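*Asks:* Sequence:
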Amino acid sequence: ILRKIFLYLNVPDRLSASAVCQQWYRAVLDGRPYDDMRVVLQGDMTRGMNILAKSSRTFYGLVIKDGDKEIENRDFWENVGPHLRRLEFRECGVSERVFLMVLGYCSKLEGLCISRCDGLLIPGKLLESPEHAPGLCSSLENVRDLDLSDNSYLSDADFNRIVSVVGKLENLSLAGCQMSFHPGIYKRFYPNGRALSSSVLTFQTVVEYIERANIKLKRANFSRTLLDNKAVQRLAAACADSLTELSLVSCVQLSHAGILSLCRTLPGLEVLDLAENYHVTDLSLASICDTLTQLRELDMTRCRLLTSHSVAEIARLQRLRALSLSSCCKVSSAGFVEALCSNSRPGMKRLDVSYCNIDTYTVVALAKSLPNLTHLDLTSCPLLTDEAVHVISQNMRRLICLRMAGCETVTDNGICSDRTREDGKTRSKSLALLESLEELNLRGCKHLSDDGLGASVRFVGLRHLDLSLCQKLTDVGLACIGSHNPSLEHLVVSKCILVRT
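When the letters of the sequence shown are read in order and numbered with full-length UniProt numbering, they come out as residues 1 to 501.
Careful: at least some of the hints might be erroneous.
Said to hold, decoys possible - Listed next, the in silico BS3-like pairs over lysine-lysine satisfying Cα-Cα at most 27 Å (straight line):
| # | residue 1 | residue 2 |
| --- | --- | --- |
| 1 | K472 | K446 |
| 2 | K230 | K216 |
| 3 | K168 | K4 |
| 4 | K69 | K108 |
| 5 | K54 | K218 |
| 6 | K230 | K168 |
| 7 | K168 | K216 |
| 8 | K108 | K125 |
| 9 | K187 | K125 |
| 10 | K187 | K230 |
| 11 | K54 | K108 |
| 12 | K4 | K65 |
| 13 | K65 | K108 |
| 14 | K168 | K125 |
| 15 | K69 | K125 |
| 16 | K230 | K218 |
| 17 | K54 | K65 |
| 18 | K330 | K368 |
These aren't lab readings, by the way, just hints derived from the structure by calculation.
This one's a predicted model, so the numbers in the text were calculated from it and none came from an experiment.
Start from the sequences and build out the full structure, keeping to the hints where you can.
*Replies:* Next comes the structure, spelled out in structure tokens:
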């Protein structure tokens, strides 16, 4: 019974519960309540590794960040490695010898990340020795998720050797890699079909691997690369039968023609991230809304050419669960209402309209149409008023995360106010009505004082609170907040000039 109960708790609560007594501690040792947890070891990790080497807990996810020689701890890997399902190396100076030693202990891996590991890739000889392949193929045969993002020295030869020892990939990330897309460069390095180069990473080699090995990619990430229209067309064609999630953040060569071909080839796409693509136009978004009717998540952050005309077409995407239109400054309040409030959207969970023209009228409409919203970002919406905050408090009771940083017109009356109705009863409009809140950001709300914050910031489950630049906050208000938020883990009060503690 305890094990089933623990599965419904979030990560901090599960850790706290395991410290209650020996019986509860043993109840979580089977590892199931830790499926969604990752252990992060960073910097000088010798002490952490020594502790975990003797631990009886089972963890399935491990991140090694900024590690070097201390990674070579055989006792640690003997205890932890056989249970790992996902292993991440981030910004590590690990050598090939240690890398191979570690993977030798990790026989159940399903996900592998090698990101910003220049020391491992600069020599250009990773996995070059044929004797390494059989052992690695056995250890990595279940790997379906491969993340090679942000590696400046990844080459065609390295890529080919890595993918040759993993299983049939379903998820591939090459975000931020120095990849060449121009056919001329490919011809220059491979004039007569010579062996794969250790000096360049080409898109042609990557997509040829997908086609040759008949890889059924479900998720692909080519963000922050020079992916152009022809490349996205070929990628879409290679993954037409399987791809459901695609991330193309800040692909500066991508334009409407590429997005149009993407829409025609991948009508079953469910997640699309086109954030920071400054050449995306109204025609692009209209094409997306017309053909990608299965979309569950859409991110158009900083697509600054979008206007209300195309954003209104989002009303056709009835399956949306998450939407970001952050920094789409040309979209009017009426455009947001038409896009999101034409019909009720009980399935919508996340909405980011930060740095947008959101006013009280828009918030009232959103509250009626999005009753089950759990994450709402209204950062730097200068038209947000106290009345809008009242509407949020009274109608969006399922919110877990609320961000209103930089909303300078919000006052104490907005976050904590009672109104007497005609029948003589008092109706609260305090933020405290949002009982499920776990994250609250009020950074830069300069009119908020001890009175409002102390009376409204009272949440049993609040874990992250940002009050930086709230210049009327004092030690008295801070003490009150501390005593009424027992789960608080992360508190930011920088540049609160009256706080002396």
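*Asks:* Of the numbered hints stated previously, which ones are contradicted by the structure, given in increasing order?
*Replies:* 3, 5 and 12
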